[in-house]
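K.L.:
Chains as they are written, first to last, in this note's numbering: chain F, 139 to 752; chain X, 139 to 752.
Quick caveat, the hints were computed from the structure, so don't treat them as lab data. Any given hint could turn out to be false.
Repeated chains share a single entry, so a pair holds when one copy, or any two copies, can fit it.
[As the list claims (entries may be wrong)] Below are the EDC-like pairs computed for lysine to aspartate or glutamate, each with C-alpha atoms no more than 20 angstroms apart in a straight line: (1) K416 / E190; (2) K394 / E483; (3) K416 / D657; (4) K729 / D235; (5) K404 / D348; (6) K626 / D247.
There are 2 protein chains.
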Amino acid sequence: MENLTHFLTQKATNLRIHSLVSTSEAGSGHPTTCLSAADIVSALFFHAMRYEPSDAQHPNNDRFILSKGHAAPLLYAAYAEAGIIETDALLTLRQIDSILEGHPTPRFDWTEVATGSLGQGLSLGLGMALNGKYLDKSDYRVYVLLGDGEIAEGSVWEAAALASHYSLNNLIGIVDVNALGQSQRTMYAFDIETYCRRFEAFGWNSIGIDGHDFDDILPALKQAKASTDKPTMIVAKTLKGKGVSALENADNWHGKAVPKGEELDKALAELGPLTDDKPQIASPTSVNTDSRRGFQTRPCEPPAYQPDEEVATRGGYGTGLAKLGAANPNVVALDGDTKNSTYAEQFMERYPERYFEMFIAEQNLVGAGIGLAKRRKIPFASTFAAFLSRAYDQVRMSAISQANIKYVGSHCGVSIGEDGPSQMGLEDIAMFRAIPGAVVLYPSDAVAAERLVAEAAAYEGIVYIRTSRPQTPILYPNEEQFPIGGSKVVRESENDSVTVAAAGVTLHEALKAHDALRDEGIHIRILDIYSVKPIDAAALRKAAAETNGTLVTAEDHYSEGGLGDAVLNAVATEGIHVHKLAVTGMPRSGKPEELLERHGISANAIVRKIKEIL
Amino acid sequence: MENLTHFLTQKATNLRIHSLVSTSEAGSGHPTTCLSAADIVSALFFHAMRYEPSDAQHPNNDRFILSKGHAAPLLYAAYAEAGIIETDALLTLRQIDSILEGHPTPRFDWTEVATGSLGQGLSLGLGMALNGKYLDKSDYRVYVLLGDGEIAEGSVWEAAALASHYSLNNLIGIVDVNALGQSQRTMYAFDIETYCRRFEAFGWNSIGIDGHDFDDILPALKQAKASTDKPTMIVAKTLKGKGVSALENADNWHGKAVPKGEELDKALAELGPLTDDKPQIASPTSVNTDSRRGFQTRPCEPPAYQPDEEVATRGGYGTGLAKLGAANPNVVALDGDTKNSTYAEQFMERYPERYFEMFIAEQNLVGAGIGLAKRRKIPFASTFAAFLSRAYDQVRMSAISQANIKYVGSHCGVSIGEDGPSQMGLEDIAMFRAIPGAVVLYPSDAVAAERLVAEAAAYEGIVYIRTSRPQTPILYPNEEQFPIGGSKVVRESENDSVTVAAAGVTLHEALKAHDALRDEGIHIRILDIYSVKPIDAAALRKAAAETNGTLVTAEDHYSEGGLGDAVLNAVATEGIHVHKLAVTGMPRSGKPEELLERHGISANAIVRKIKEIL
């Protein structure tokens, strides 16, 4: 124990030196938050954690999540001391071609999940812990290092409640209580007891310790690992800037590097010399999981609708997801107590062991989904489209995490009717279009919905599927295919004078408009834009060229950022005239058809617009 | 007491009858959640609360927030029983021209804040309680009725922590623990003790009661009102559907009306007859606050920059906000532990009594801001633009609440540099453009930043101000005005061949491009789009008409939903060619200028694009 403490102390000194030097070299960063957590990280990386240094993706590696992502230099220092990266590489910190970014991203392959937006690490860890305990049945543990400031984030408490609900004894958190936020003292300064009491009330073991004393740290980790039924939170009192007198517990050092030269030299002199003992890193257990099987799939059972049926696309989603569950054993589903509305319950009923109820906590719904995705599952996370806005920061971070996750938002638009604006997803397309690399799908019938579920699973990356509440007619034969990036011409003639591009309920309105106009001798072309991103620009340009260079778009979404804007962008440089019909102003409760009319996206509104143009 | 209990019991029966009848008439809604809370609401509205029935906006009325917004029919029933609305009006529930919407909105003037997205009520109440205790110094109390399912939302715990931190004894919550969510049992069913323990750990008084027993309810409310230093949470065990045997504690009745006819008749028969005793409603204390003074302002001290200065627009914001504080006593500021980066600290230093630190809890930052706004303050809520994504659901709801609130996001775009993508606001314009009625402002120099702060305060409604991290040259004289909806021509000649529309750092890049091209004999016009929404469509069309029908946009924002899309929409029907330069792909850490180059929004990129077009 004495030898171990001596060794870990030396390693912690090394971590502090690397953190100071690399940030000073970069000229920016957060060295003081690295110094507060250095002893904890030393204990974790060089004693408590089991991992295979040659294999970042080893399925039984203990996982480590740096929820306080601004301590990235400490993380990189730990991997350098573990022999995983070269010590010299630390000097590339924050440079444009370095994988060692200012906040961790998976460009560095030991960073499984991106952090830097605070308060998200525990949800990510929850997803990984759910996978370990219930899916892979692996004995890996998930360690999450949190800052004290981020404990104010509600997302931490969403994850805390779910982790104890799911008895995740394989989830271990450590709060680095250095009492200093970015701009001032935290709410609770060094009140370790308050943090402990809160986690205990949320069903966790909690252990208050001195985060600079290995005689506290090591027994706490041992105790946490011994838990059989509960997650454990270790609450560690530390000093920001620990080890350097000018920085220790000092204000105004949050996001500042120590200037190279005299100041840095003085700090380094206080820390003492680097030592180069190699750590003995405990190995993970040998592979006993099938998480490396990859995505072995067989084709989904095809849709089986009658041509005269009326089915909501959310129903098609539920049916499609249940079929996908049979076709792909890596598919899992999560929902936020809306499964009887999104129809995720169809999956749950068939595959209860692969369904995780996340209750009314959308941030954690997404965060846990990301954690599952990073352990090679394909999560479908569903709730009302409106409520995905609750997790937009997590969605944004899922792209930085390069997560293979699928989001499903039901009850889009004013067509939900009487429940009113709080329940209407009217900005969801805008949200997801602005996520780099995300695919945005918007089925107009249940055949398309089922097919797009399978397409989403086959696509490696973020996919958003938007579903509607109302029942609508089946438009397509069961064998129709819907590749990502495509579109469908659903009405055309040689005399079409304008093209209408739509999806969802407004496509059905456009079809009614088509028939009404045809009776008056006006012919229009109709495109189903089931893939909003990527959008079928070629089809739009072709249709526009054949219909007087004129497009009309109609969508049950706010005017900004939705389907109409996707169309506009596809033809922006072409000098094509685009007329958008979309929801403007604040909707209210009412019947769906009344609201489509009032907001100018009904068949009548489309007819009026076309007559106005012609 | 016995008489009182009898009276309140009768009133509760009336509330139950109205809730059933109005939802049955509407054919949709959530009657069972009304029945569980009817006794609590009876005790609040007809005994505990003090309000002036003739004056919804009375500054000393106790405030009531229905966090579980789907119990709206119960709320309306209470106002009917209080004599505030006609009982007949309840039958208009959910109709398109009724102010009694499916979830409460301020179209009904007793609904100060919209609810329906769960878990937000406590933050709204916190804002109102901060106002009562610290600003208006009114003795009103704020009552928030929560459902048990929504306690899973992290936002509840953000508000809980802040409420005890600010010793808000005037904030009283009641959790209606009916144990049933929408799709299944809640995590804790009837475990009242767990809820109590959690709120206690978060610094609240908590009182567990039987929510159908006035001998429990009334003493609990009395005790809560007597608190001198802490907020109080009353945790009430109830039965969903209480009073109707077919509904009581039954599954699958969450969002369903009882069908009219036999089923409704049977339910009503069980409840017994309506009674018509009039309640004695306690009056609020007489006006002793100045919250009705309106927005008495004097002009802001003008900007005072030197022409050769370099100042970040976030700095201009801080300076402008501090000046606004002097000009308008209703202005308040909130920040989420980033005040030394957003420069909200300049306001805090001058007006500490009007500054509220919300720590790292963005959902509550926005929710509390809405609460303050609804009590006639003008809140400026600031954090990094990226982290406003954490509160997008609250922002969305602030529009439904018709809140007069200002959001400020600093550190937009890749130009923040080395901190990397998690810290870069790249979807913020898309977010705020999609909010109905919201104004989106994007200053390019500190003069504009200061002026736009004053414009934002003068505008009644939601305004978003986007500020940048880098220092940039002063472009405008100190006396320049920046009306909402305007734009500035910053470079023009008679020979301009193309117009570049930009704002923020890319405007400065465009100016460099202008000079480089001029040296090659190519002339371009440059527009400063400081008002992204509403956008100056006339100026864009005029400029395009004078420059070959060609526009180039350049923005430090993702390609989707930003400034370029705002421009595209302004000219969509005109057949104008629009070429967008914006951030595509996932950025990484690097120097600001390297990132502008890499993402194709630098001066060089603008020059290249223009040469490609010409």
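K.L.:
If a hint holds in the structure, say so; if it doesn't, say that too.
P.N.:
Cross-check of the supplied hints:
no.: 1; hint: K416 / E190; result: within (15 angstroms within a copy, 75 angstroms between copies)
no.: 2; hint: K394 / E483; result: between (50 angstroms within a copy, 18 angstroms between copies)
no.: 3; hint: K416 / D657; result: neither (83 angstroms within a copy, 61 angstroms between copies)
no.: 4; hint: K729 / D235; result: between (55 angstroms within a copy, 11 angstroms between copies)
no.: 5; hint: K404 / D348; result: neither (26 angstroms within a copy, 64 angstroms between copies)
no.: 6; hint: K626 / D247; result: neither (40 angstroms within a copy, 47 angstroms between copies)
The structure shown violates the earlier hints numbered 3, 5, 6.
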